[in-house]
Amino acid sequence: DAGVTQSPTHLIKTRGQQVTLRCSPKSGHDTVSWYQQALGQGPQFIFQYYEEEERQRGNFPDRFSGHQFPNYSSELNVNALLLGDSALYLCASRILIRGPLNTEAFFGQGTRLTVV
Amino acid sequence: SQQGEEDPQALSIQEGENATMNCSYKTSINNLQWYRQNSGRGLVHLILIRSNEREKHSGRLRVTLDTSKKSSSLLITASRAADTASYFCATDARIIQGAQKLVFGQGTRLTINP
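These protein sequence lines are chains A and B, in that order.
Using this note's numbering, read the first sequence as starting at 1 and increasing by one per residue.
Using this note's numbering, read the second sequence as starting at 1001 and increasing by one per residue.
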């Protein structure tokens, strides 16, 4: 059973360019979230997708957008890249349970984005 | 902004010793999860403790949760060199219309010396 997979593992882009990162959730999981982790910091929540809709969003500009496909996989798009967007981008998946209980969130290995 | 704060920020101990890391948070939670991260790669899930639980064990890991103090601790017993990593706590806020997110602290950098 494959866990959460992300591609690519590393990426170098130039300021102003656009980038697309991809994530396949763990088998059986239906919700995907994206996180940005700057060097030496904890991950910061970008947004969460469920049923192909953005359900919650963190404090990130509109340059960050996403999509979830019918097979639950997801993409993160960042437009007009800035040097400050250089970070490790992590995807997490879990099963959404409506009610007071939550399930474990499992993370992929991340995509290291460098903007030059 | 980070909700949680891990303490200490860095910890260095000898192999075989126990390591204790603490996490404090600010708002009401459904559960709290601990993760390990090696060399800036992906996060490995260690343990989830629910808000109505006080203690949980998994192998050499022991996690406690005190919701009255809004704090949690992670104890690693009989540490090994392979435990060298950064450890993060992440809180799960109450679900609103199916929305979920984890809020992370800044992590504790643990170094196990041979």
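Derived by calculation from the structure, the hints in this document are not laboratory data.
Backbone N, C-alpha and C fix where the C-beta goes; we use that ideal spot for every residue, glycine too.
A hint or two may mislead.
[Stated by the list, open to error] Output of the computed footprint for chain B on chain A, the stretches with three or more beta carbons under 8 Å from beta carbons of chain B: (1) 42–56; (2) 63–71; (3) 79–92.
[Said to hold, decoys possible] Label-pair distances were calculated between CB atoms; the ranges are: (4) A:N79 to B:R1050: 33 to 43 Å; (5) A:T14 to B:R1054: 49 to 59 Å; (6) A:L11 to B:N1038: 37 to 47 Å.
[To be verified] Short derived list, chain B residues pointing at chain A, Cβ under 8 Å: (7) N1030; (8) N1031; (9) Q1033; (10) N1038; (11) R1041; (12) L1043; (13) I1049; (14) E1053; (15) S1073; (16) L1075; (17) A1081; (18) A1082; (19) A1085; (20) F1088; (21) K1101; (22) V1103.
Right, here's what the structure says about each hint:
Counting residues of the stretch 42–56 of chain A whose CB lies closer than 8 Å to any CB of chain B gives 8, which reaches the minimum of 3, so the coverage claim holds. Coverage of the stretch 63–71 of chain A by chain B is violated in this model, with 0 residues showing a Cβ closer than 8 Å to a Cβ of that chain against a need of three. Three residues within the 8 Å Cβ limit are the bar, and the stretch 79–92 of chain A against chain B gives 3, so the coverage statement holds. The hinted window of 33 to 43 Å between N79 (chain A) and R1050 (chain B) holds, with their beta carbons roughly 39 Å apart.
Between T14 (chain A) and R1054 (chain B) the C-beta distance comes to about 52 Å, which sits within the given range of 49 to 59 Å. Between L11 (chain A) and N1038 (chain B) the C-beta distance comes to about 20 Å, which lies outside the given range of 37 to 47 Å. A cut of 8 Å between beta carbons decides the hint on N1030 (chain B): the least distance to chain A is about 5 Å, and the hint holds. With its C-beta approaching chain A no nearer than about 5 Å, N1031 (chain B) sits inside the 8 Å limit, and its interface hint holds.
The restraint placing Q1033 (chain B) at the interface with chain A holds, with a minimum CB-CB distance near 7 Å, inside the 8 Å limit. At a threshold of 8 Å, the smallest CB-CB gap from N1038 (chain B) to chain A is about 10 Å, leaving the interface hint violated. Restraint check, R1041 (chain B) versus chain A: the minimum CB separation of about 5 Å is within 8 Å; hint holds. The beta carbon of L1043 (chain B) is positioned within 8 Å of a beta carbon in chain A (closest approach about 4 Å), and the interface hint is therefore held.
For the restraint placing I1049 (chain B) at the interface with chain A, the shortest Cβ-Cβ distance is roughly 11 Å, beyond the 8 Å limit, so the hint is violated. Below 8 Å, beta-carbon pairs count as interface contacts, and E1053 (chain B) has none with chain A, the closest being about 12 Å; its hint is therefore violated. The beta carbon of S1073 (chain B) is not positioned within 8 Å of any beta carbon in chain A (closest approach about 17 Å), and the interface hint is therefore violated. Because the smallest distance between the Cβ of L1075 (chain B) and any Cβ of chain A comes to about 20 Å, over 8 Å, the interface hint for this residue is violated.
At about 22 Å, the closest approach between the beta carbon of A1081 (chain B) and any beta carbon in chain A exceeds 8 Å, and the interface hint on this residue is violated. At about 18 Å, the closest approach between the beta carbon of A1082 (chain B) and any beta carbon in chain A exceeds 8 Å, and the interface hint on this residue is violated. The beta carbon of A1085 (chain B) is not positioned within 8 Å of any beta carbon in chain A (closest approach about 14 Å), and the interface hint is therefore violated. Interface hint at F1088 (chain B): satisfied, since its Cβ lies 6 Å from the closest Cβ of chain A, which is below the 8 Å cut-off.
For K1101 (chain B), the interface hint holds, the least distance from its beta-carbon to any beta-carbon of chain A being 4 Å, beneath 8 Å. Taking 8 Å as the C-beta contact cut-off toward chain A, the hint placing V1103 (chain B) at the interface holds, the least distance being around 7 Å.
Violated hints for the displayed structure, listed by number in ascending order: 2, 6, 10, 13, 14, 15, 16, 17, 18 and 19.
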